[in-house]
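Go by the hints and put chain B onto chain A.
If you want the building blocks of each chain, they are given just below.
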Amino acid sequence: MSERSAVALVVDDSPVNRKLLGRLLQTLDIEAVEAPDGLGALASLRKLGDAVDVVLLDIEMPEMDGYATLAAIKDDEALRHLPVIMVSSVDGLESVVRCIELGAADYLPKPFNPAILAARIRASLNAKRLHDLEVESAARQAELLRTIERQKEELSRFLSPQVAALVSSAEGEKLLVGHRRLATSVFCDLRNFTPFSEAADPEEVIAVLGEYHRAMGALIMEHGGTLEHFAGDGMHVFFNDPIPQDDHVERAVRMAVGMREAFADLAADWARRGHTLGFGVGIATGFATLGRIGFEGRYDYGMVGTAVIAAARLSSVAGPNQILLMPRSFASVEDLIVAESVGEVQLKGFSHPVEPMNVVGLLDAAVGAVPAS
Amino acid sequence: MTSSYGDVPVLDPGVIAELLESTGGDEEFVRDLVATYVEEGTGLLGGMRDAVASGDAAAIVRPAHSLKSSSAAIGVMRLSSICRSIEAAGREGRADALGDAVEEAGAAWTASLEALQAAGLAP
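Sequence lines, in order, name chains A and B. Each residue of the first sequence is one higher than the one before, counting from 0 in numbering that gives the first Met the number 0. Each residue of the second sequence is one higher than the one before, counting from 0 in numbering that gives the first Met the number 0.
The following block holds chain B by itself, in its conformation from the complex:
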């Protein structure tokens, strides 16, 4: 499952634009939302790494699912896609494939934070 995410944008500006539009241009709210996301995401990513470390495929499903969902909500699409694959692999018990995938998720996470900072939504 490596390197098949290059086509997926790290951050979809369209989603951010929709968020701003649906909140009446409330940038403060979107920044607050991103802050919540960063905090939550850090914990979820940590949970995924723990699952890999203990070789527990089932334990990765929930954090992967949550990070997939939260990421998609604010337009962090590449990480969301990676998490979707990890969730599926976890459900199927394919523990061997998880290590690389979580590495890739970590890279996407870092890229996402940079993109959010660049967009002025993260400190």
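So here's chain A without its partners, still in its complex pose:
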């Protein structure tokens, strides 16, 4: 709260009393606003809103007396919290009880004792200040929650949905720290992309990449893959983490086949614009370390392990439109696909040659053509 001086609304039909109260408030460093009756008081309160901190209210007034004014203030959601001190020459316990029951903070007889009234006003101002702080802190809290929601939403546009969800889950911190798990890694990139990007206009390159990323991104989500990163035309997606997926190899293969089909549509269009591009995928399954990789300010949720390297190498040796599977991945899905050997391949950094399989197609995709068994 800013250090503005407090404001008191003085409601009294007598100019003598208003002057006296105004003077007292002045010595307390409180700004006085005056109203000659209840109607004027309510009008001032609705106009000034939260600027008023305390109300000093007379009872016997023309145009709405103090009881009605007090009742109206306490009936109004926006004004209810305002402390109201009755300052009145209406005698009798009955009137005091009535006002306290209506919600008055205090009741002082007139002529008032300046020292007592000053003390009551200070007490009421403290209560009001506390209330204001509570309201302010609640507003700040709500704003904070809104900001977090906004950031989460913003974040989910950059992260894969699984990782974005992790960020805010209780289990997330544990998973982010790093863990070992069997996972399937998928690398894919475009053939001829480098010469294309050198020859084409930058706008054309960005446009082609945009179409490609949009199409591939939709397939990654559809199959529940975790996108580790885009790097130009290359992508690394993995499965079975952070959300466990029993069928992680199958998901990877189905996604890759879907990508190849989507790519064929894109490539036909690009070819009409004079760009010849190809698409290749490498898939490998193995135990890997997964979790937060990077440094303060720039973290990825990543996968580290031999399978990642194998998938990357396979992707780079894959011919146009090939989806190469390491033998371990192939073993999990051989009943689901039509595949062909591409012979022994020596992958850079691997001590033994491997014999990857190229996915020709999905068996269930052919169900329409071949009667089901």
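Bear in mind the hints are in silico, worked out from the structure with no lab data behind them. Beta carbons: idealized from backbone N, C-alpha and C, even for Gly. Hints are not guaranteed to be accurate.
Computed list of chain A residues with no C-beta within reach of chain B, every gap over 10 Å [stated by the list, open to error]: (1) Pro14; (2) Val15; (3) Leu19; (4) Pro61; (5) Pro113; (6) Thr146; (7) Ala198; (8) Phe229; (9) His274; (10) Gly304; (11) Asn320; (12) Ser340; (13) Lys347.
Which stretches of chain B does chain A cover? Using the computed rule of at least three CB atoms under 8 Å from a CB of chain A, they are [claimed, not checked]: (14) 29-42; (15) 67-77.
From the structure, some residues in chain A lie toward chain B, with a derived Cβ separation under 8 Å [stated by the list, open to error]: (16) Asp12; (17) Asn16; (18) Lys18; (19) Lys109.
Then chain B, alone, in the frame of chain A:
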């Protein structure tokens, strides 16, 4: 209710002293306050006389109450006491008793103005 106010001082110097003390000896402010009082009081007294003239007991309550309150604030005690009685009588609808009481209030008002002038607080 006549002549029972002789014991009550027209002007209580103690109240004026308190006013001066609480305003840090600001005589200017007290004089200004008295001027406001005189102006307001003249109107209130007129309102009370109108109520008597029309025999409307209820109409006297508000001006009597206000004059009671303002008078007490600056130490005009006798008038304040008379107004208290008038207010009560008005609330009870005793219109017959009001004429004399308002006469008495008028006399007290004049005496009060003189006392305030004597104290150097009114012109």
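key: Structure versus earlier hints - violations, ascending order   = 1, 2, 3, 4, 5
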